[in-house]
Structures are given as C-alpha cells and as structure tokens.
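Visitor: Sequence:
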Amino acid sequence: MDEELKKEIRKIALQNAVEHHGQTRDKIVIPKILSTRPELRIKINEIAKEISLIVDEVNKISLTEQKSEIEKEFPEILAPKEKQKQREGLPSLEGAEQGKVVTRFPPEPNGYPHIGHAKAAIINEEYANMYGGKKILRMDDTNPENERLEYYAAIKVGLEWLGIQYDVVKNTSDDMELFYEKGLEIVSSGNAYICTCKRDIISKNRKEMKACKCSFGDPDQNNDRWHKMFEKYKPGEAVVRFRGDMKSKNTVMRDPVLFRVIDAKHPLLGNKFRVWPNYDFAVAIEDSIDGITHAFRSKEYELRNELYYSILDALKMRKPRMMEFSRLEFKGMPVSKRVIKPLIEEGKISWYDDPRLPTLEALRRRGIRPEAVRKFILSLGFTKSNTLAPFDALESFNRKLVDSDSIRLYMVKNPRKLVIKNLPSSSVELSNHPTKEMGKRKIEFDENLFISSEDANNLRSGSKIRLIGLGNISITKTGHQLEGEFIGDDMNVDYPKFQWVSQKNSHQLKILIPKSLFVDGEYNQNSLEELEVYSESHYLELSEGSEIQFVRFGYCRKDSQNQAIFTHK
RNA sequence: GCUCCUGUGGUGUAGUCCGGCUAAGCAUACUGCCCUCUCAAGGCAGUGAUCCCGGGUUCAAAUCCCGGCGGGAGCACCA
Numbered sequence: 004m005d006e007e008l009k010k011e012i013r014k015i016a017l018q019n020a021v022e023h024h025g026q027t028r029d030k031i032v033i034p035k036i037l038s039t040r041p042e043l044r045i046k047i048n049e050i051a052k053e054i055s056l057i058v059d060e061v062n063k064i065s066l067t068e069q070k071s072e073i074e075k076e077f078p079e080i081l082a083p084k085e086k087q088k089q090r091e092g093l094p095s096l097e098g099a100e101q102g103k104v105v106t107r108f109p110p111e112p113n114g115y116p117h118i119g120h121a122k123a124a125i126i127n128e129e130y131a132n133m134y135g136g137k138k139i140l141r142m143d144d145t146n147p148e149n150e151r152l153e154y155y156a157a158i159k160v161g162l163e164w165l166g167i168q169y170d171v172v173k174n175t176s177d178d179m180e181l182f183y184e185k186g187l188e189i190v191s192s193g194n195a196y197i198c199t200c201k202r203d204i205i206s207k208n209r210k211e212m213k214a215c216k217c218s219f220g221d222p223d224q225n226n227d228r229w230h231k232m233f234e235k236y237k238p239g240e241a242v243v244r245f246r247g248d249m250k251s252k253n254t255v256m257r258d259p260v261l262f263r264v265i266d267a268k269h270p271l272l273g274n275k276f277r278v279w280p281n282y283d284f285a286v287a288i289e290d291s292i293d294g295i296t297h298a299f300r301s302k303e304y305e306l307r308n309e310l311y312y313s314i315l316d317a318l319k320m321r322k323p324r325m326m327e328f329s330r331l332e333f334k335g336m337p338v339s340k341r342v343i344k345p346l347i348e349e350g351k352i353s354w355y356d357d358p359r360l361p362t363l364e365a366l367r368r369r370g371i372r373p374e375a376v377r378k379f380i381l382s383l384g385f386t387k388s389n390t391l392a393p394f395d396a397l398e399s400f401n402r403k404l405v406d407s408d409s410i411r412l413y414m415v416k417n418p419r420k421l422v423i424k425n426l427p428s429s430s431v432e433l434s435n436h437p438t439k440e441m442g443k444r445k446i447e448f449d450e451n452l453f454i455s456s457e458d459a460n461n462l463r464s465g466s467k468i469r470l471i472g473l474g475n476i477s478i479t480k481t482g483h484q485l486e487g488e489f490i491g492d493d494m495n496v497d498y499p500k501f502q503w504v505s506q507k508n509s510h511q512l513k514i515l516i517p518k519s520l521f522v523d524g525e526y527n528q529n530s531l532e533e534l535e536v537y538s539e540s541h542y543l544e545l546s547e548g549s550e551i552q553f554v555r556f557g558y559c560r561k562d563s564q565n566q567a568i569f570t571h572k
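Taking the working numbering, the leading residue of the first sequence gets 4, the next gets one more, and so forth.
Please note that the accuracy of each hint is not assured.
Unchecked claim - In silico DSS-like cross-links for lysine-lysine, where the CA-CA straight-line distance does not exceed 27 Å:
| hint | residue 1 | residue 2 |
| --- | --- | --- |
| 1 | Lys387 | Lys334 |
| 2 | Lys75 | Lys35 |
| 3 | Lys344 | Lys268 |
| 4 | Lys268 | Lys201 |
| 5 | Lys103 | Lys137 |
| 6 | Lys52 | Lys35 |
| 7 | Lys378 | Lys103 |
| 8 | Lys507 | Lys424 |
| 9 | Lys10 | Lys52 |
| 10 | Lys518 | Lys334 |
| 11 | Lys387 | Lys302 |
| 12 | Lys173 | Lys340 |
| 13 | Lys268 | Lys235 |
| 14 | Lys250 | Lys213 |
| 15 | Lys9 | Lys70 |
| 16 | Lys10 | Lys75 |
| 17 | Lys443 | Lys572 |
| 18 | Lys443 | Lys420 |
| 19 | Lys334 | Lys403 |
| 20 | Lys275 | Lys159 |
| 21 | Lys35 | Lys70 |
| 22 | Lys210 | Lys237 |
| 23 | Lys46 | Lys14 |
| 24 | Lys9 | Lys30 |
| 25 | Lys500 | Lys403 |
| 26 | Lys424 | Lys480 |
| 27 | Lys63 | Lys10 |
| 28 | Lys334 | Lys344 |
| 29 | Lys268 | Lys237 |
| 30 | Lys275 | Lys201 |
| 31 | Lys416 | Lys467 |
| 32 | Lys201 | Lys250 |
| 33 | Lys63 | Lys14 |
| 34 | Lys424 | Lys500 |
| 35 | Lys439 | Lys378 |
Calculated directly from the structure, the hints in this document are not laboratory data. Note that the structure is predicted; figures quoted are calculated from it, not measured.
Make the full structure from the sequences, and use the hints.
Guide: What follows is the structure, given as structure tokens:
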C-alpha cells in the first residue's frame, strides 16, 4: 500500500474524529475513501484492514493532538464548511426543453378559487417560467349543470390576485365541435360504443367485470345511436363508452363514459349543445391539441392516467407527460363546497370570503399577501405524499413580507382607564415604524388614558410601568379605574412597557380573530373571536386594506372603518 | 372489500430514480443571546430524526429487494 493513500486515510480519519469528539469509525472512513477513489473497490479487503489500523491509531490520541496534527499536516480541511444552498423552486422536469414547455391550469368554474387552486396554478406557472415556456388557462366547463358565470369571473380575479398571467385563455367548451369530430372517430373506429343500459346495470357490470350487451353492437348500430344522442335520447338513456378492459384491475378502465346527454343551460353556450364530453375525454383531447408538454394534476386523478393515454392512443393523438402532486389543505379549514355551503346556509359563516376559509378571497381579506402564498406553496415542494400543511408556515412567510410596511399603532383590548394628572405635556409624536421611514403621527391627550385589562391586572399600588413613547408612571391606585403619576421620562429603566390609547384620541373598533373552523371534525363554535377594542384615531386615516401592526398584539388588516381582521401574530 | 399512491426531527420538506461525497441538508416551530422604547422584523447560537417496522443483498442502504404496519385517494352519465 502506498504512503500517499495512507496519508489520505489518516486525513479523513482525523477530520471525522475531530468532528465527532475525537472518535471516528472505520465504517465511516471506508465509504469516504471509496467514494473518491472508486478504483480501490477491488482491493477492498486489504484497504479495510489498513483503515481499521489507522482509525484505531487516531482514536487513541487525544482530541487536541488530533487538532494539532490537522493544523500541521492538513490545514486545508480547516476551512469552515459553507452553509448548504437549497435548490430554488421546483425540481427539474423530465423531458423539458428550454423554450418549449407548455403547461395549463384547467379549473372548473363551479366555485370560488381556494388554496388548492393556487397550488395547481402556481406549479403550472412556475414550470412554464422555469423553461421560458407558455401558460394556458383553460376553464374546464363541460358540465353545464355545475358551471356558473360568476365562477369564471371569480377564478380570473383570484389568478390575477396571485399575479399569474396567461398566454392563452380559453374554455374547454370552445371546442365542442372538435369533441364531436373526435367522438365520431372513436366510435367509428370501434374504440367506443354507445350504451343504452340503465345506470345501475352499468355500474353492476363494472363491479362484476362483465361486458354489457351494447358493447357487442355492430358498427351500424353504434353509428346510428351516435346520431340519436343529439336529438332522440333523453338524458340518462344513452352514453358513449370507451372500449377499455372490463377485466382491468383499474376500475377506471372498465369501459368508462366519454359522452353523456345533459339538457341544462350552459352559462356560455346556452342550449346549443346537449351532448357533453366528460372530463377524461375533454382533458385528453384539449391537452393534446393545445400543445401541452407537461400536464399536472392532483393525486386523486392518478388512476385516470391510463385512460388519458389510452384515449389519445385510440385517436392517434400526441401525448403530453402527465404528473401528479398531492392535494393541499389546511388543518381544520375545509376547501370543499359540500362542507362550506351548509355553514353559509346555517349562518355559521358569512360567505366564501369569511376569514376562516382557505379561499383566495378570504386569505386576501385576512391580510395574506399573494407572494406569501406563492413562497409557501413552493416551499411544500412537488410531492405525492399527503400534506396537511400547518397554517403557521404560511403566516411566517407573510409576516416577513408584511412587516416592513405595516404601520405600528397602539391598540388596547378590554380597555381600562388610567388617570394621570401630572403629565408634563398634552401631545406626543410617535414614529410609524421602528426601522423604516414611514413618518410620524401626533397624539393629543389629557389626563384620561386607556391601557388593556391584561396589563392592568398585574399592577398594584406602587408598580412602576413605562407607557411607550409617553413616559414612566408610578401606579397610585388600582381597581376598576387606575390612577398613576408621571415620574419622568428616563428610558434606561426596565419597567414593563405597555402600549396605551388616549381617550381624546381613541377610536372604537372590532377586531375579528379567525381560528380553526373545525376541531376534531366538528364545527368550532368559537372559531371567530370578536374583540371590542380602542385604537388610536389614526386608524381612520388609513386606507382600507392596509396592514397594521398593533404593538404587542399582532398584525391586522383594516377591513373597514370599524372593523379589522387579525392576520397573525 | 378491491386497486393505486404515500411514510425522513413537533411541523413542512431536500436527498431516494443512478447505494458511498451530509454519522441526514433547509425552512418553520421552540429556547437563549444580540439589536430594538413591540411578545414584530433582522443577526447569531442551541435543542430536536435509531430516515414507519422486520428481514435480505452489499465492503457500504434513508437510498436496491421481500414481507408487514400506518396514512391518503379512486372504485360517478363530477371535475
């Protein structure tokens, strides 16, 4: 064995020993050597023996000796370890070429957009941007019974708020004629057939893996029935079914429905059409003709991938790559309309913008910034494992964004009067932000001030406190109404510091504190706390929607002249 | 029930495809210190993971293989 290798081994052993209280192990040193010198693998036995010897030697000498040997022999490893840099954004995409990636976000206009939509939209956008590609917004509106005009608009408003812009905005329903063309093609080629069986028969056969009699109909029958779908058949009487595999383990593949008859009025197209493609057929074709290179959807669609590719194969159409990510929900914050709607009807929450909800509108009202939503979502990564994200992760991103332009204001909850007769002045100027230049505000006062009960409760006669920005006070009387006297303005004291409000300058308002809507699956009766508070009247001069930090309380967003919503601490 | 996906500190994740470059990285939460007329932001430090469990392959496994277990989803003429 050459001396150089021995030296190398000793170096690694020493380094590792120093990092671990003077002790190293050959199990650690062997891989390290082998990883840098793969050619040694064949001589493994010999090397392992040598390493054991060296490791023993190193372990015998003291930590200080180890350190001094490193200093003398291998000073290069003394350089401090750099902090590891984290990959920015999402992992790279397989098969993605710069400038050629096309992604799409296909929401159904059947409700208000929420955090789950944000995740899908942001992932699609990020990837398109990452590769200098194209983004498409496609309203997936092929069920006229569900879609409503206001939802098309609400989704666009939400996306705008998130700051996402699209190269193309379209509706799936724009391509109805194309679906018919492809529908006829897939029927004519024998890859689909028209089934007139009753719904429960179809479902029973699916369960039992049995083909239905319609699947044996000849081409003429299918052709004829295809045309009948457009006028003769009533809803429920006939559906177009893909010829999949009734014996497939994947239930999705057991001759799924491609088209059905729906007579409802479509918000965009009225009664022009009554044969509607279903989701699987529509997305596959749309993704293909829109030139989508990478399509992303959430995990519950995973089993539908096989169908998606099969439809495109049957039609000999180009296939995008489909990938899925986990759904995003917050603990105790339902996303689904099925859960939210009854709460609205029962009057438990006001509307879809109630601050306890994870809708985009609610997050906005609550004071969450779109950039925070984006950072938060990206921080969750692109993963298929179930995420029940904690809301405080979002809050932390938001706090950092909001802090630098939130005006600092004083506010007291459950106000208690504090009378101080010997105040040396009648007004004071307070600065609006501790570090950023945001100007000052003037507060006028007389002997009547307020502090919050929480603070007042800990006081007794003789307690000394500092009213921030005002001066030091010695309490002379406690009780329902407190009294105190001004004892100077020395700032080098360690009295407890309280914020205060002057009676002359006060404004009463309500603060809404949203809490978890559901606890252990049950509606939380106390999910919205309402606080009656006094703030400085300066509040009235702020524009609606501004973010405020009430000192020693937390961040709030001004909702109106007499209501603010608690954002987070 | 059947099928598919998933399982890394309190929490969210990186790493897993192509086993060694990290006795497991980052963020958040928590604790302490610095800064500061805020229990904020900022700076620094610290606590915290036998990488779900059990076998196997290998000189070497969070990473590969087999078997369990936990969690989620799908089983619609909804998307």
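Visitor: Each hint: holds or not?
Guide: Hints, verified against the model:
no.	hint	in the structure
1	Lys387 / Lys334	18 Å, holds
2	Lys75 / Lys35	22 Å, holds
3	Lys344 / Lys268	23 Å, holds
4	Lys268 / Lys201	24 Å, holds
5	Lys103 / Lys137	8 Å, holds
6	Lys52 / Lys35	15 Å, holds
7	Lys378 / Lys103	25 Å, holds
8	Lys507 / Lys424	15 Å, holds
9	Lys10 / Lys52	15 Å, holds
10	Lys518 / Lys334	11 Å, holds
11	Lys387 / Lys302	7 Å, holds
12	Lys173 / Lys340	24 Å, holds
13	Lys268 / Lys235	18 Å, holds
14	Lys250 / Lys213	8 Å, holds
15	Lys9 / Lys70	18 Å, holds
16	Lys10 / Lys75	13 Å, holds
17	Lys443 / Lys572	23 Å, holds
18	Lys443 / Lys420	25 Å, holds
19	Lys334 / Lys403	22 Å, holds
20	Lys275 / Lys159	25 Å, holds
21	Lys35 / Lys70	20 Å, holds
22	Lys210 / Lys237	25 Å, holds
23	Lys46 / Lys14	20 Å, holds
24	Lys9 / Lys30	16 Å, holds
25	Lys500 / Lys403	24 Å, holds
26	Lys424 / Lys480	13 Å, holds
27	Lys63 / Lys10	17 Å, holds
28	Lys334 / Lys344	18 Å, holds
29	Lys268 / Lys237	15 Å, holds
30	Lys275 / Lys201	26 Å, holds
31	Lys416 / Lys467	21 Å, holds
32	Lys201 / Lys250	20 Å, holds
33	Lys63 / Lys14	15 Å, holds
34	Lys424 / Lys500	20 Å, holds
35	Lys439 / Lys378	24 Å, holds
In this structure, every one of the numbered hints holds.
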